[in-house]
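Peer 1: Given chain D, work out where chain E should sit, using these hints.
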Amino acid sequence: MSSQGSLRKDGRTFNQLRGMVCDRGLLHRADGSAKWSQDGTSVLVGVYGPKNMPPKREDPEKAVLEVLWKPKSGIQGPEEREAEIILRRTLEAVVLAPLFPRAGISVVVQVIHDDGSLLSCAINAACAALVDAGIPMTGLLASVTIALAKRDDGAGGGAHLQLDPTREEQDGAQATVCLALETTPKAATSNGSVEGEAVVTSTTRGAMAIEEYLEALDRCRMASRTINAFARLSLDKAQRRLELPGT
Amino acid sequence: MPREGVAISNNERAFILAALQADQRIDGRGPFDLRPLSIDFLGGSGPVEVRLGQTRVLAVVGAELGAPWPDRPNEGSLQVYTEFSPMADPAFESGKPGEAAVELGRIVDRGLRESRAVDTEALCVVAGRAVWAVRLDLHVLDNGGNMVDAANVAALVALLAFRRPECSVGGADGTEIIVHPPEERDPVPLTIHHLPVAVTFAFFEEGELVVLDPVWKEEATMGSRMTITVNAHGEICAIQKGGGVGITSDQVLRCARIATAKATAITEEIRKAVEAHEVERQQSKVKRHPRAPSGADLVLSGADLHSGSAIMLETTQETVGVMEVEEGLAEGLVEEDTDEEDESDEEEEEIEETPTPVVGKSKSGAGGAKKGAGAFAGGASTWLEEDDVSGAQAGRKRDWRRERPAAKGGPTAEALDEFDQVAALLGQKPPPQKTSSKPQTLLKMQNPAKPGNVTQPAPTPTANFALDSDEEEEARVELRGEFSGGSGKQLEATERGGAGASKSVGREGVRMEVDDEELTLEAAVKPKARKKKKKLKIQGDE
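Protein sequence lines, in the order shown, are assigned to chains D and E.
With full-length UniProt numbering applied, the first sequence closes on residue 247, and no number is skipped along the way.
With full-length UniProt numbering applied, the second sequence closes on residue 542, and no number is skipped along the way.
Honestly, the hints are just simulated from the structure, not real lab data.
Ideal Cβ placement from N, Cα and C applies to all residues, glycine included.
One thing to keep in mind: the hints can contain errors.
Stretch by stretch, here's where chain E covers chain D in the computed footprint (C-beta under 8 Å, at least three residues) [unchecked claim]: (1) 18 to 28; (2) 39 to 45; (3) 93 to 100; (4) 103 to 111.
Next up, chain D with everything else stripped away, as it sits in the complex:
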């Protein structure tokens, strides 16, 4: 993308994420909860766990993760089931399930508003909710969606890779990539610990060239650092609020 000029419809550049807001600990009955908003897209996730599981569904070796995806309106359709499966697999990769054999962890996702990048928003929210619930994980998840605008729209080159697309951009894109990256602290070096990112989940829709995909991966990697830093600060503040006397 060239730095000169073309902006997206909402005034962002192609590499600009939308404003993020993270509320933690909203729900009183749930063990953990988080509401993650990326401008117009907003998702509330509630987590129960580790909790009792009926004998039919328990696993003697590790906790069973179940994800429920509730659309804003209407009943679940195949898209919601797909989102449940993707989210479950993503979370299973980071949650330390073997710590809780025969238990269950229930993640309930409520879509409040969908303005693009819904799955990414949900993954971010789910990670924050799991942290709020105190479920041990191997690393933090950060997810971001990239839309490849149709070629004739772009300004040439890599210009048509749009980070964190809105609904409109997503629907009109030639292809979209949703990536979830896990950031784990690696072994400490002499400078201190170095973090690395690993791709946990990659979901694409539409056709794209390999180079475009790799470039999208690169952008996501960079964006995930931002998202992680933001999530950490958000958690920091939430913790601080708990520690304040009289809170």
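Peer 2: Same frame as chain D, but now just chain E:
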């Protein structure tokens, strides 16, 4: 009438009863006190979230054009779908709604439809052929007790705030129904004649002890429950008492009287919230810019990695506006500044959610809905004060936007010139300006109003003209990550005062960052109250 699966111990039950005998409730309320009610609009004609104490319900309204019921060709329909989300209570399971969910849905439905609160005849477009079918989805997100009342309020607010597309009959043969998109014609509200408010009472022991608005532990302990749906005119729309301990007719009358009084109070709160929301919606229409940028700028300038050209740090229109104002005011006017900034952030936030902003959060009645007591609006940093202003005074922001440009006058125009100059230097055309006061530009400029600042030309490599106050005023948490081509370097989290680590100028100036082969990642997350602290910091330092 304890619900199935409610996990409350016998000890707790005994304690609650003993306390009630002594006129004490476990949350300290009086027997007929309502919990604080707060109403949040989560965007335009979108969901409405109502909190009654710890109980949280989300209501979504949608409308579809379709064929009418054969026995009612002149009327549209209103369908209420209730869902007890499994996140609300460990006992709730997903799948078909259970008894309690169905009952709740029926109580809300009866109050609205059978009392003719929502005019279904007004939903008719062409008799016998096309009518509007309104669908109301209620999601219970947190069960803190008395979900019925909360859901009812949510339903009322959502229906009041809902706007359906306007349609007309026309076309070639005069029978075609044209649905006008919102851009073409303003969507119209539903016709609602009165507001039926549900008020729930819980009875304990042999029906001798009564409380209003039970908490979930009280619900687990109660002997029976009665819901009275009444409107502010004193008309009883519905009474629902299903089983459990019997109560005397005196008590029923007494409860009905109390319910009427409570309904009046709740109706008032609902009206206030909806009106405030409507004001915001109208104002946002006026001020809305087609390219409303997001408030929290997370800028990831990727493509400039290899070009070596200037990396622009995006700013928002509102940001620019704020900066101008900030600059114009002397350091002494700390509070004012922060308020404006907060307002501007509010505004950004509002504009982001296009049709209607999130004002309701602060404007709601009781409950002071600052974006959630623990709301972390974008990268709050350590010095953030407890009273996060993220949800505050949206109305004031509006005032600021109206008044400030007039008062300031100069800076806006000057800033625009500066933008143009710098843009020209960079070889860009000046940003198109939809309104006179809000330049849409990528460039952050040093505000000319601030004495001693010089607008430096952009192409200077590593042009880090860090104004003294800039860093401090950098209320947001600046996350500066410098990446070069392939090797991801560490992300520096720059918090307040840490501007030394960062290479960019404060928010209010035009920030030209030119890094040859590096990628500068700046995450400026929602500033909000951080700004406040920042300003105080400046005070201290200067």
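Peer 1: Against this structure, judge whether each hint is valid.
Peer 2: For each hint, the structure was consulted:
A count of 11 residues in the region 18 to 28 of chain D with a Cβ less than 8 Å from any Cβ of chain E is obtained; the coverage claim is therefore met, three being the minimum. Figure legend: the region 39 to 45 of chain D, annotated as covered by chain E; annotation consistent (5 residues with Cβ-Cβ distances under 8 Å, at least 3 required). Counting residues of the region 93 to 100 of chain D whose C-beta lies closer than 8 Å to any C-beta of chain E gives 0; at least three are required, and the coverage claim is violated. Counting residues of the region 103 to 111 of chain D whose beta-carbon sits less than 8 Å from any beta-carbon of chain E gives 3, enough to reach three: the coverage restraint holds.
Going down the numbered hints, you'll see the structure goes against just number 3.
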